[in-house]
Each structure stands twice: as structure tokens, then as C-alpha cells.
Amino acid sequence: MTMSREKLKKLGLELPLFPTTSVGSFPKPDYLVKARADFNKGRINREQLSELERKATAFWIEKQEELGVDVLVDGEQYRGDMVAYFAEIIPGFSKGGLVRSYGNRYYHKPIITGAVSWPGPITVEWWKYAQGLTKKPVKGMLTGPYTVMDWSFNEHYSDRRTTSLALADVIRKEVEALIAAGCKIIQIDEPALSVRPEELPIAIEAMHRVTDGMNAYFITHACYGAFEHIYPGMLEVPVDNFDLEMSNSDLNMLNLFRSQPFTKDISFGVVDVHTHVLEDAEKVNERVRQALTILPKERIWVDPDCGLKTRTVEEALAKLRACVEAARAFRN
Amino acid sequence: MKLIIANTGSYPRAGDSPELQTLRKTIAAVDRGEMTSADLADAENEMTRRAIEEQARAGVELLTDGQIRWHDPISHLAGKLAGVKINGLLRFFDTNTYFRQPVLMGKPERKGPLVVEEYRFACNALGQIPTGREGTVRVAVKQVLTGPYTLAKLSLVEDPAMQPLEARAEAYAAALADEVKALGESGAEFIQVDEPAIIQVPNDWGVFTQALEPLIRARDAVRKAGRKLQLALYAYFHNPAPFYEKLAQLPVDALGLDFTYDATLVDVVAAAGSPRPLGLGLVDGRNTKLESPTEVARVVERLLPKIKGERAYLGPSSGLEYLPRDGAAAKLELLGKIRAAVNG
Ligand SMILES: [Zn+2]
Numbered sequence: 001m002t003m004s005r006e007k008l009k010k011l012g013l014e015l016p017l018f019p020t021t022s023v024g025s026f027p028k029p030d031y032l033v034k035a036r037a038d039f040n041k042g043r044i045n046r047e048q049l050s051e052l053e054r055k056a057t058a059f060w061i062e063k064q065e066e067l068g069v070d071v072l073v074d075g076e077q078y079r080g081d082m083v084a085y086f087a088e089i090i091p092g093f094s095k096g097g098l099v100r101s102y103g104n105r106y107y108h109k110p111i112i113t114g115a116v117s118w119p120g121p122i123t124v125e126w127w128k129y130a131q132g133l134t135k136k137p138v139k140g141m142l143t144g145p146y147t148v149m150d151w152s153f154n155e156h157y158s159d160r161r162t163t164s165l166a167l168a169d170v171i172r173k174e175v176e177a178l179i180a181a182g183c184k185i186i187q188i189d190e191p192a193l194s195v196r197p198e199e200l201p202i203a204i205e206a207m208h209r210v211t212d213g214m215n216a217y218f219i220t221h222a223c224y225g226a227f228e229h230i231y232p233g234m235l236e237v238p239v240d241n242f243d244l245e246m247s248n249s250d251l252n253m254l255n256l257f258r259s260q261p262f263t264k265d266i267s268f269g270v271v272d273v274h275t276h277v278l279e280d281a282e283k284v285n286e287r288v289r290q291a292l293t294i295l296p297k298e299r300i301w302v303d304p305d306c307g308l309k310t311r312t313v314e315e316a317l318a319k320l321r322a323c324v325e326a327a328r329a330f331r332n
Numbered sequence: 333m334k335l336i337i338a339n340t341g342s343y344p345r346a347g348d349s350p351e352l353q354t355l356r357k358t359i360a361a362v363d364r365g366e367m368t369s370a371d372l373a374d375a376e377n378e379m380t381r382r383a384i385e386e387q388a389r390a391g392v393e394l395l396t397d398g399q400i401r402w403h404d405p406i407s408h409l410a411g412k413l414a415g416v417k418i419n420g421l422l423r424f425f426d427t428n429t430y431f432r433q434p435v436l437m438g439k440p441e442r443k444g445p446l447v448v449e450e451y452r453f454a455c456n457a458l459g460q461i462p463t464g465r466e467g468t469v470r471v472a473v474k475q476v477l478t479g480p481y482t483l484a485k486l487s488l489v490e491d492p493a494m495q496p497l498e499a500r501a502e503a504y505a506a507a508l509a510d511e512v513k514a515l516g517e518s519g520a521e522f523i524q525v526d527e528p529a530i531i532q533v534p535n536d537w538g539v540f541t542q543a544l545e546p547l548i549r550a551r552d553a554v555r556k557a558g559r560k561l562q563l564a565l566y567a568y569f570h571n572p573a574p575f576y577e578k579l580a581q582l583p584v585d586a587l588g589l590d591f592t593y594d595a596t597l598v599d600v601v602a603a604a605g606s607p608r609p610l611g612l613g614l615v616d617g618r619n620t621k622l623e624s625p626t627e628v629a630r631v632v633e634r635l636l637p638k639i640k641g642e643r644a645y646l647g648p649s650s651g652l653e654y655l656p657r658d659g660a661a662a663k664l665e666l667l668g669k670i671r672a673a674v675n676g
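Going down the list, the sequences are from chains A and B.
The numbering used here applies: residue 1 is where the first sequence begins, and numbers increase by one.
The numbering used here applies: residue 333 is where the second sequence begins, and numbers increase by one.
Just to be clear, a hint being listed does not mean it is correct.
Pair ranges (Cβ atoms, derived) [said to hold, decoys possible]:
#1 E449/B / E198/A: 28 to 34 Å
#2 D552/B / E88/A: 53 to 59 Å
#3 A602/B / P238/A: 40 to 46 Å
#4 W537/B / E65/A: 24 to 30 Å
#5 A360/B / E198/A: 36 to 42 Å
The set of hints was computed from the structure by calculation and includes no laboratory data.
Virtual Cβ for every residue (Gly too), placed ideally from N, Cα, C.
Using the sequences and the hints given, assemble the complete structure.
So, in C-alpha cells, the structure goes:
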């Protein structure tokens, strides 16, 4: 039951019970939103934008420290979409036209037009910068090969498996680079994990290519899914910790865990990120209590359901605070 | 045998150029309180006209209004029914798009038309396009509805009476049957009912077919009154091959199939044949890669002799709004090239 605790210890990480963390993204302060728009219109240069991205990253590291979060993230102030960010850097991708995501939100969906390859470190400088600002561990944050495949058009590879595996080879190199830089906890998000249940073996095979033999504690985040179609098979994804959206689904997943035991660590989403309403402490505590009915306390991490980037800065801070307070209450 | 070029449903409502951003910018301005709902209606009308024009220009003979006004395939219909509240976002199948999930606070009931006005608008818009080839090709509007089973399956429930899937599907079916009737009375000749959920959850087959019946009866009533309404069933976003023989038995006027998930579906259909016209979703509506017209034409040639009913509909595998605007237009043009290759 405490195997992954030992792994953390071996990596030199002493985390309290109910470690708190967040899924990855934080909202961008207004000045950064404006700067990104100015950059796109050619009004400021790359270095001017980067300066503000660093400022915003430092702000979020400081806030996480203040709140007492245990495992930090850089907040992805320099990223837009979680797939497009990588697609803009990895050779083999072209920028596609606008595609609607939902409502009135659109994004440039990337197109794979050639063989993908690792261009050298992608996220390492940002990780080093963020880690340099704190003594607490900062997670390396990557998007998984299956999700990058599923969220891109493909005009080059013959099929979805081949595409996923080619991307896995690229992402593995980024994992190596993060580890070489000193990163010990790496999160590889696979929000698309459940979209085609029959393709779960592809996602698992691709994740093996990314994490096998790599000395780090791995987390994967998945959300908005029909997990009933891929559970318990999803437990075969070779990571140590599943970061799951629990609150938005009214904790429905706990019933699945009752039918077949959940065998990994879990980052248990205790606040819903899709509503600006802040859950009161009792509600958050109740969610942790529910988690404890089926999972041993050594395996539970506490965090929000998903990235907080769609909330305001104040809302995000309040939601994060709620996670930290709940974890503290249960430690005592 | 007639091979009719048909769009399958949605069309991108924005493109990269400024004039294709009208609707997007208007919605944002309305959200900020800087424009009104009348401005929004104007923008929706303009983008709908453009979608119809682009389809007609590309040679589509059975076109749609592009579903430009639809927030998503679920809430656009469910949200207009009494007893339904619209909730948070949920991923829409494997599309990486999201729909707003309906919550049944009571029985979903139709208190007025859902898309009849949209259908009328599309017909008027089509009528105003100078095609320059009147009399040679007949272009018509197809109205798309999301089916009762899929609506029921993707709804949350607060009202205990709506807890059984059968009850939900039956209630949605009654509402949609009334809409089929109203559309038929407004002159609609072709209604496409989308049921993507059924090929994901084949265990619900009984609920699905039962929910389809009221729509079939509504079609028959419209026909009895002397109109020529056809009702098609489209299933996409998954592989229909394992259920093809069951799908082929449904009492609809055409069956639309997504051929992009499994290459063996062509063999299955060619072997079993079809007792009714098929919608051939042979062009991937979800990927920008353009298929080879001659290769697809060869597949069409294999299938056509096996299809009864003297017609088949060549179209994208799904709605086109998952592609960038130029990609969607390219797919429509490809359909014409495929047909030319079949004829030649
Ligand atoms: Zn998420």
C-alpha cells in the first residue's frame, strides 16, 4: 500500500499525508493577457512577453508557497492550449485553422504534416526557473502522447497507434531532459484517455514508451471522461498517481473504485473548477471523507478537479486555499 | 442509381479571415453587453447564409443550414423543452468539443417549435442564391435533429420519474415526433435524425428502437397528408460494423454510416447489402487529410450495386464543424471530385 511513498522517499521527497497540489494551469493576470494579445499583434517583442511570463510565474510560485501547497506547478503562464503549446515547438506540426472547442471558444488545432522529432528541451528552462524560486518540489508538466495525437489532425502517419508512438518517443526525450535537470515529479496529462475506450491499449503502450525505466514519480491527469468504459483497465497506465476530476462528476467514480479496487495513488479533485462558486469547508471535507472510505490515507493527494485557468485569480486562490485547508484538517 | 452529394450536418461557423469572424465577435460583444440579441440574430443569419452558399457552390445537393445557431447538438434542442435545465460542460464523444448537459427537472416537453424557423430560414436563403443551373440540379435543405436516444443518454436526471432511460427516451421521442410533424407540415422533405450514442452502447438497442418509433409514425402521418417527407438515421463517431445488420433493418428511408473507424465496414456492407438507401460517410469529417478521389470512387463503385432504393448519399462521415473552415470547404469539393470519378 505504501510502495509509492517509498518511491517518493527514494527520490528524496518527504511529503506530508494528503499532499496538496494543483492540476497545472492557473489564470493569467490581466497584464499578461494583454501582453499576449499585444505580442500577437506585433506590438511587443518575445523578450518583453517573456519578462511578464516570468513575473506571473513568480507570482504563482509565491502564492502557492504562501498558501502552503506541498507540490507546486509553474502555472503554465507561458502556454495557451495544452496541445498547441507543444505542437508549436515540436517539428512535424503545422498550425491549423480555427476550430471551435465549445460555445464561443476557438483554437488553432495543430496538424501533423511530417515526422515528429524532439527539438531539444521544451519545458526544462521554465521548470528550472520555477524550481529556482522555491524549495518545495515543482512538477514537470507535459501533455501525453495519446492526447496530443487525438487533439491534432494527422496528415502524415498511417494510423492513430503509429502517431501516438512517434509522439511518445518525443515526449520521452523531454522526460529525460527534465530528470537530468533535477525534476522528480512529472505529470503527463492524458485528458483524452477515455474518449475511445477500445484505444486504451494504445494510450497504455505509448505511456510505457514515455515512462519505462525513468526515475521519477509520474502522475497523469484525466478529466471529463466516461471512465466507466475504461475502468479498471486504465490502472494499467504506467504511472504512480492518477489525478482525477472527482467533484464535477459528483464522486461517481467512487462507485467504480468500490467494484474494483483503485491500486494507485490518487490526486483527488475536491473542488469543481467549472464554477466560480466556492465550496464551503464542510463540502470539501466531505469529499475527502468519501475518498477515505475506499482509499488508504497514504495514497491520497488533494487538489482541484482540473486546471484553474478559466477562473479569476481570486477564485483560483480561494479554491486552492480550500484544498490546503481540507488537507490540514485531515492531517490532524 | 443516383449518387446525391449531401452534407452530413454542421459547418464551421468561423474562419480565420475577418469577415468569417462576424458571429464569433458578435457573441463576444453580446457577452460584454456591447451588442444586443438582435445583433446576434443578424450575425447568425449572415453566417448561416454563407454556410448555405458555400455548400451550394461546392455542388452539395442536399445541404444543411450548417447548424450555425447550435451551441451544441444536445442543448440546442433539449434547452428549448420545458422541464429541462442546462448544466455544465461535458466532452462530446471523442470530438474534443463540449456540450452543455441537460438536467431533467421534470418530463421534457415541447411547448413550441424547436427548429422550424431555422428550416424556413435555410429554405429562403437557398432560394435567394443564383445557382445558374436551375432546372438541371435540384438542391434541397435537409433538417438535422439529434435523436431521442442520444438526448436521453446524455441527460442528467433530477426528477425520479425520468430516472429510467426508457422514460427519458420516450419523453424526448414524443417531443421530437411533434417536431418532425411540424417540419413536415412546413414543407421539409428530408429530416436526418442523429443517434451517435447507440453505436457506443449497443445494449440499449431496445430503448433506441422504441424511441425511434414515434418519429417514424410522425413521418407516416405527414406522408398520409400528401407530403413527401423522408426520415434518415445517421450514426457516427464510432464503428457501426458490429451492428450493421440491425441498423439496416430500421424502418427509415436512409441509413447514414461513418466509414472512418473501421476499414472492414465496406466489406460488411458489400457482403450484406442494404435494403434501403445509404448515407456513405466515406470522407473523414474529422481530419484535414484529403482522401484520394479515385480511391474513394472505387469504394463507392463496390457499394452502389448492393444498395436498394435507387439512391445513395455521398457525404462526410460527420458534421464538418470539427475542421477549420477551409478544410471543410475542401472536403465538400472533394465529394464532387469523387462523384465525377465514379461516373467516369
Ligand atoms: Zn482536466
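Evaluated hints:
1. Evaluation of the 28 to 34 Å hint for E449/B and E198/A yields a failure: the beta carbon distance comes to about 40 Å.
2. Between D552/B and E88/A, the C-beta spacing of about 55 Å keeps the proposed range 53 to 59 Å intact.
3. Distance hint for A602/B and P238/A: a CB-CB separation of about 41 Å, consistent with the stated range 40 to 46 Å.
4. About 56 Å separates the C-beta atoms of W537/B and E65/A, a value inconsistent with the hinted range of 24 to 30 Å.
5. A C-beta distance of roughly 38 Å is found between A360/B and E198/A, which places it inside the suggested range of 36 to 42 Å.
Hints 1, 4 from the list above are not met by this structure, while the remaining hints are.
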